[in-house]
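With the hints as extra help, turn the sequences into a complete structure.
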Amino acid sequence: MTEQANQLVYAPPRHPWRFRLRAQHIPLLATFVVCLMLYTAACIYLRDRGFFSLSVFISFFSDNAFLGLTAIGMTFVILSGGIDLSVGSMIGFTSILIARLMNPEPFTLFHHTITLPVFHPLVAIGVALIAGSFLGLIQGVLIQFFELAPFLVTLAGMFFIHGLAQVISLSSIGIEHPLLDKLSDFAIPIGSASVRFPEIVFAVVALSAIYISRYTKFGRTIYAIGGNEQSAILMGLPVARTKVLIYALSGFCSALGGVIYALAKWSGQSEGGLGLELDTIAAVVIGGTLLTGGLGSILGTILGVLIVSIIQAAIIFQGTLSSSWARIMIGALLFVFIVLQKILSSRARS
Amino acid sequence: MNATNPILLQAMSVTKLFPGVVALDAVNFSARAGEVHALMGENGAGKSTLIKVLTGFYPRDGGQILLDGKEIRPKTPAHAQQLGISTVYQEVNLIPTLTVAENIYLGREPTFFGKIRWRRLNRLAEQAMSRLNLHIDVKRDLGSYSIAIQQMVAIARAVDVKAKLLILDEPTSSLDSGEVQQLFAIMRQLKSLGLGIIFVSHFLDQIYEISDRITVLRNGKLVGEYLTRELPRVELITKMMGRELATFETGLATSVASDSDLKPPILEAKRLGKRNAIEPFDLEVRQGEVLGLAGLLGSGRTETARLLFGIDRPDKGEIQIDGERARMISPADAIARGFGFCSEDRKAQGIIPDLTVRENVILALQASKGWLRFFSRRKQTELANHYIKALNIATRDADTPIKNLSGGNQQKVLLARWLALDPRFLILDEPTRGIDVGAKADIQKLILSLCQQGKAVMFISSELEEVVRCSNRVAVLRDRRKVRELTGAEINEHNIMATIARSDA
Amino acid sequence: MNKFTLSALLVLSLVVGCSKHDETKPASVTTQSSASTESSAGKVVGFSQIGAESTWRTAETDSIKSEAQKRGVDLRFVDAQGKQENQIKALRAFVAQHVQAIILAPVVETGWEPVLKEVKAAKIPVILVDRGIDVKDESLYATLIASDFVAEGKMAGDWLAKKTEGKANIVELQGTPGAAPANDRKKGFAEAIASHPDMKIIKSQTGNFNRNDGKATMEAFLKSEGKNITAVYAHNDDMALGAIQAIEEAGMKPGKDIIVVSIDGVHDAFQAMVDGKLNCTVECNPLLGPAAFDAVDAVTSGKELPKKTIVKDELFEQDKAKEVIGSRKY
Amino acid sequence: MTVASAAPATPKQPRRAPRSLVLLWPVLALLFILAFNLAFTPGFFHVEVKQGHLFGSLIDVLKNAAPVALTGIGMTLVIATGGVDLSVGTVMAIAGQLTVLLMESEHYHWSMPTACFAGLGVALACGIWNGILVGYVQIQPIVATLILFVSGRGIAELISNDNLTAHSVPFQYLGRGFLFGLPFQIAIVIFVLLVVGLLMRRTAAGLFIESVGNNPVAARFAGINERFIKLLVYSFSGLCAGIAGIVVASNNANADPHNTGLNVELDAILAVVIGGTSLLGGRYSLIGSIVGALIIQAMDTTILTRGVAVEWTLVVKAVVVVGVCLLQAPKFQRLFRRK
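Protein chains in written order, with the numbering used here: chain Y, 1 to 350; chain W, 1 to 505; chain E, 1 to 330; chain S, 1 to 339.
Hints are computed from structural coordinates only; laboratory data are not their basis.
Since this is a predicted model, take the numbers as computed values, not measurements.
Accuracy of the hints is not assured; some may be wrong.
Said to hold, decoys possible - Only part of the chain S face toward chain Y is listed, based on derived beta-carbon distances under 10 Å: (1) Leu23; (2) Asn161; (3) Pro257; (4) Ile274; (5) Glu311; (6) Ala329.
For each residue, glycine too, the CB sits at the ideal point set by N, CA and C.
Spelled out as structure tokens, the structure:
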């Protein structure tokens, strides 16, 4: 424009907060603080019920390992701006599939009676994981290539997968195998408590998920898609492939949840995990991941799972609430928590 | 540059059809290595479509594209990038929630056995930014930086791909003049390295400063290719418009009667301020005047407007309207008092994309009337058609979804939305950004006619020449602070520049 | 930090406030107890209930709660909201709280072995109520006090066979797919009619154990089969009551044109029998409180208990319903 | 310049069909299900007069679609603002329970209209609660309505933990009565639809709702009080759920705190989406949602009438839903146009 313009040197604007805290970290911090508060309050209130102990704390992870696993898968989905409502039914499906493969029953298909052999648990688990990932993949394909809304596709997926589980068996199936005995006897003692395989699987998956989200191109592409899908396409990122894979990954994670469910209970149930999708979404959102995508973290989700677990455990330990009041209390605590987190985040921001 | 520069990319009779429309009609275009080639045309001439065909965003319906003499058929922008064609768009197409460094290297991060090497990535990003003379913290979220910085990051990303051909689609529309110079320096540097650059801009000064060659498009057809130094401005404009310059240059009054000082103020801001947005300031807006706001991007112009329109809550000071203290905590309050605000971010804060032109026009008026007193369909269409005609909005009819209109026409619809309110005081934040010369002149004329009707206008623009031409009074902002007010004869580009550039407050 | 403490207090006061409310809530069901009240006073007993999905279930909960109050037992009650996972968590919580005994109403048959092993390791006896479980090691629980769902279905089937002299076109309203009572009641009924070649189930679909779905399902059956239907077998009373409405709205007389048989024996079902609309119901007694705490007392004082105490289910017909309706508790 | 006006500005979003065409695919899907029954389900189209009213599977479809249609009408507006309301099922239970309790309990013995108004009032209050959380506290809709979804059934159980029989004959008329030979529930749906349709057409509410859903920031800048609009739609959704709850209680002559409205929220969302309203907000179609509700009910009735085995029910339902949605997907349609 004019010659004087050359003299103008651009000065980057001052950042509003002094600490070099990225915007993402604020909800995470708020979640952590509230989680701590909640735990402390529960420990004080339920001190004569033995709430404050290491084994109870570990049980938050063991009893909710499958919630944690589905939540990790769900985090990736939500980070990309989608949603997956099929995770709950996937648990029932994989558990009943494993149980059925280990205890086959003859069935008729096109007037032929087919009898499958008895499968080794590891084979059954492998089949279940592949089936779960495949179902997730199909949903991803429908979402990506036919541009259907994720909410809708996975809602239909929830019906479909639950239906498949019912087709496999309406009644629950118990399973037994020497391997299962070994697995449930396996424990690493820590102080007065011990860590068992559900926690270990959860921890391994959680660490891998953190690694994937932070240190792989796949993980960063997920954030980019959630941040702005259009831009991600223009930036030349493999958006289509990644989105399909995200749903496959979520399918895998929830199938793994189903495996844990079956192994921890020695049983498969088509009704298992029903309604878990909303708990999962709640855990992810409480963990500071935005439903609009792009912002959030696996670490936050783990905190979210912890919070949901603490709320549930506190009500179970409290032990005098009637069914109705227990439901209302869960809602009330959820409300208090969300509002608190909201206040904390907006305070930290200003 | 000279004629011996080898042709890098050649597009031959490229055709693109949209349902019912020929967006590109057998267009020929070529870009040479080591040259800046400007692509000119009005809104809707087909510039963006051509670029999107070149970058593989749209498949072409006919013709050939040769790159280095070999036919290419880019399927996606990623594919085009691999072939050597990188693009920087007008609207920053990056991820605001990721860091600057990531945005530069997303998709080609340095890895070690599949693990992203963050430290190396950040160091590389710092180097890439410093090559553009920008020393910023690359570990911070892109979204925390101004649009200008984001644009620079986008260029850093595009250049770093080792592109043969760089397409800059209106990169300067959100940059201030200093930043434009930085950009040009970079462009010259890239040019000397043998890169071909396609440059799209509405700023004639910039075109003449940087480009070597100009191709003009009109209505999807090629008008011609010219050497810049052989094409006078007036001729360029004539070729773009298809009509003579004089028809829209006349009628622009250079100044309005200066007796506006005598009229009572509509609005007074007293020590109004908001932390991290704008330092407390005093400001008066009087009937029948155009108050210009000048300053660099991020100097607090938009923030000032947002405070006056009740979008943000001030934490200091007060607003007086007609001499009385007023409580304005929402745009609805401001509208109720006869204010209007045409925001700078058309896409995010202006249009309702799925709604029709008609509905977009009546929206603010209807909101001010409340939901019970609903305009009849007939009245709505009448109103919309009135503005379509008055503002010369190019649309098939009033019931076309606004998202189907070109940027400039969307802008006019938004103006119509505010004009329909018949406001006493209208804030226009960058109303002319990214729109063509004809529409620009239309809008400037409109501003003047508004204040002739006794209305007040606050005019925010990055183009100083425009501010000078339209305003009776200019408030100059620097570093989130109002530093000076210019009136009457003081208003000229030199004074404004000097005020902005002076380092002491 | 002020805000934090404030919020913590808020959370606490909510918990406290609600629990108080519950304690002051009067027990709505009183039961007759045969056992002495002395022996169990002061004991801490955990009760893991499935949920509150039906009137029958809440009657069972009330029975156990009021019996606990009567005997001075410190009852830790946990509603699992219909999920086995929550029941398992509850069992673990009971172990952590060192309760003296656990009453468990299992939601499904399988999946209990691992957690019950933990409970057994903590030397806490488990009394199963209303449903059995499928475990290899029977020492994992002390006793089972329950109705036999298969037997209930069989009783209903036998009654219908007698009533119709072995000739009937039956439509079946199943319970929630996958639920143990639904599976067993279906099985028992099928066994009973297997020996009668002229008794056929012509349609069978779920009514999800509730009145609304039972009605909708019956409506559809009436459209597709019409007068062909001679009997309805519903897995619970609520669905039967819904079916009765559907039959009436189709212009037929339930109980006469179409015979209606169901299971549970809730109050509304008795009323329907008195009105002549329901032909018979097999009672499934939810008032297990006294028996459950008798078992708790016995187990904690070291007595051996039979592995299975089957609660005798009684079949009520219309004429008997008139006599007993006044004395029904739920 | 005409070139620009016709060329899509954002290529990823295909040009939306005119409003009337939005209904095309849902209606075709409904016709397809009916045609299937015409061909393969004998007696499905048989309608006779019994006891002075019409009787047949088709009438059942119309009648039993009412609760989903009613909640769907409210849900349509919520989804049009870009939100979602998970609590409609539990609000149904609360409203039904309170209404019947107030009429039947010896303590109250309220008259039928007052009891109904009380039921609707509490449903409205639930809606307002959701609206405040979404609009003013600005909690994401799924999470905000999850709170009432989780605790609402507890509230219904607190009102009364028992199944309550509704003996009142005028009350039973709401859900079981007939008007001009057709179930009265249909009249209720048509009435609500007309009222809402008129409100949306004759006032600016429809315009504001679409604006808020399509671009909330721009709507706010244009002077629309988007928080209030959200409060309005969630309140209205609560009210619709209340009507549905009362209709269901009346239809069964019974209020059931445990099962009333179970999973209705999913059916309602499905109905809205099948009906052509985008979950992203913006343009909506009330008629579409009604058609969606009819599709779902026609499917359910077909499954029941044809005697599909219980374990296959959900699979069949899921396949039909995906099929209907695929039919509507422009990408899927293009796949066949090319061939």
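>> Please list, smallest to largest, the hint numbers that this structure does not respect.
In response: Hint check: 1 fails alone, others pass.
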